[in-house]
Amino acid sequence: MKMLINVPETVVADALRGMAAAHPELTVDVENRVIVRRDAPVAGQVALVSGGGSGHEPLHGGFVGPGMLSAACPGEVFTSPVPDQMARAAAAVDSGAGVLFVVKNYTGDVLNFDMAAELAEDEGIQVAKVLVNDDVAVTDSLYTAGRRGTGATLFVEKIAGAAAAEGQPLERVESIGRQVNENARSFGVALTAVTTPAKGSPTFDLPPGELELGIGIHGEPGRERRAMMTSGEIADFAVHAILEDMPPRNPVLVLVNGMGATPLLELYGFNAEVQRVLAERGVSVARTLVGNYVTSLDMAGASVTLCQVDEELLRLWDAPVKTPALRWGM
Amino acid sequence: MLDADFFRRWMTATAASVNREAQRLTALDAAIGDADHGSNLQRGFTAVLAGLEKEAPDTPGAVLTLAGRRLISTVGGASGPLYGTLLRRAGKALGDGAEVSEEQLAQALRAGVDGVMALGGAALGDKTMIDALSPAVDALADGFPAARSAAEEGAVATVPLQARKGRASYLGERSIGHQDPGATSSALLIAALEEAAAGASGE
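Keeping their order, the protein sequence lines are chains P and W. The first sequence lines up with residues 1 to 330 when you count with the UniProt record's numbering. The second sequence lines up with residues 1 to 203 when you count with the UniProt record's numbering.
Keep in mind that the hints were calculated from the coordinates and are not lab data. Among the clues, some could well be false.
Unchecked claim - Cβ pair distances, simulated, as ranges:
| no. | chain 1 | residue 1 | chain 2 | residue 2 | range |
| --- | --- | --- | --- | --- | --- |
| 1 | W | Ala98 | P | Ala21 | 46 to 56 Å |
| 2 | P | Glu31 | W | Ala141 | 43 to 53 Å |
| 3 | P | Glu9 | W | Glu173 | 30 to 40 Å |
Beta carbons are placed, not taken as given, at the ideal position from N, Cα and C, and that holds for glycine.
Produce the complete structure using the sequences and hints provided.
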């Protein structure tokens with residue numbers, strides 16, 4: 001597999017150097033792997049810190065900036081960062097108002113963030129945590145590591161980040177983050193497997209005429225494999241899976257997210273089908289975002305995330321944000 | 001009795017076998033995980049050896065505690081905190097004596113395994129590193145070769161199991177039929193004890 005890299009060992013550091021060059025409004029510590037908004041700590045504001053394995057860009061580093069994350073910690077490709085990184089980030093961004101960790105529910109992320117919280121609390125930093133677990137493809141939580149954190153991470157980081165930017169206290173920012181997660185569900189499909197730089201070949205074998213339903217964002221295979229479906233059939237399957245788990249009450253934010261190698265032409269076509277299914281099911285759509293936001297390296301495919309919002313959450317979604325990957329209103 | 005040099009040889013032998021088997025660990029991980037177990041442990045044990053070189057800890061407990069700390073700080077994922085906790089807990093349990101008995105080592109490793117189970121929430125049969133470590137620690141009373149066999153058998157016995165913890169659990173029944181990469185690397189760690197002991201008798 002050809003890749004636009006030097007050697008696999010330096011892909012994360014190389015990307016961070018490039019990010020530093022492109023975004024002078026961020027402080028990028030390449031050696032310690034921490035991305036911080038340059039004006040941090042911001043007096044009187046709760047700071048949001050997230051992180052996770054690399055390979056999901058723009059998540060999380062691309063969401064650092066006013067109105068969203070204060071800092072992000074990239075790990076190795078598909079490997080959660082280490083506690084030292086998050087503790088360092090927390091110390092860099094804490095204004096005294098406390099730090100909220102946004103953690104995707106994977107065993108490694110949870111363990112490393114918990115260890116980081118202990119380190120930060122030892123330094124006198126108040127830490128709270130929101131665990132994101134929105135993936136409906138993982139059904140039986142008793143016999144699994146629990147639902148994975150996927151597309152809803154963007155909604156949690158944006159909406160809780162807006163609450164923090166308004167100067168709301170840590171308990172409130174945390175509860176808003178949890179509220180977003182509880183009202184968000186995702187479902188993803190893969191048309192191809194993913195190739196990590198370290199392995200250099202696809203992580204699983206997916207024949208040309210088939211797709212994987214219910215995939216995560218780390219190249220892990222899904223729950224089920226079927227003969228290739230049309231965009232409309234996939235939208236039916238994904239949206240029904242979500243609505244079965246979360247019967248709609250309020251209007252929803254829609255994220256139609258590309259996994260990395262699916263062109264926007266296809267993503268917009270897929271969005272048309274998602275909107276059709278939602279209309280058929282009587283779900284009202286408040287806002288829609290289409291693009292590559294929570295990716296899985298070079299995987300082809302897409303995920304759908306729906307997040308039910310009340311007026312307050314919608315207001316926070318619409319609030320100004322200025323990050324490399326998401327910016328409006330400022 | 002086992003001295004700090006024994007524990008250094010254990011870590012060195014583990015690093016060597018992780019290097020040797022990295023491709024296989026990553027291939028096992030590709031089948032039911034995310035294809036990075038080999039490279040992650042390689043990075044971790046390389047850092048362990050560098051740390052041992054630099055800080056030159058002089059007791060068995062200090063060697064393992066440092067190794068555990070280095071793994072936590074460099075590996076990431078679930079295996080960093082889990083392997084790090086295993087060695088750090090065992091190191092703390094060994095205390096600060098200059099030499100420890102094989103029985104003390106067995107007790108310390110049991111404390112380490114208990115720490116891993118508490119942190120990760122896994123029990124025997126969940127298709128994790130515990131399936132190799134726990135029987136190996138039980139077998140330590142019969143010597144290092146017995147522990148090695150128990151660990152290797154434990155790792156192979158994960159093949160028919162359905163994963164209930166970690167990333168492989170997302171696959172549900174599709175995780176059946178694959179050997180667990182964490183149990184496999186745990187067997188390498190236990191097997192390296194035998195090499196460390198052989199190193200001493202050969203000197």
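Here is how each hint holds up against the structure:
1. Hint check: Ala98 of chain W to Ala21 of chain P, Cβ distance near 52 Å, so the stated range 46 to 56 Å holds.
2. Roughly 46 Å separates the CB atoms of Glu31 of chain P and Ala141 of chain W, a value that falls within the hinted 43 to 53 Å.
3. Separation of Glu9 of chain P from Glu173 of chain W is about 36 Å and conforms to the stated range, judged on CB atoms against 30 to 40 Å.
In terms of the numbered hints stated before, the structure departs from none.
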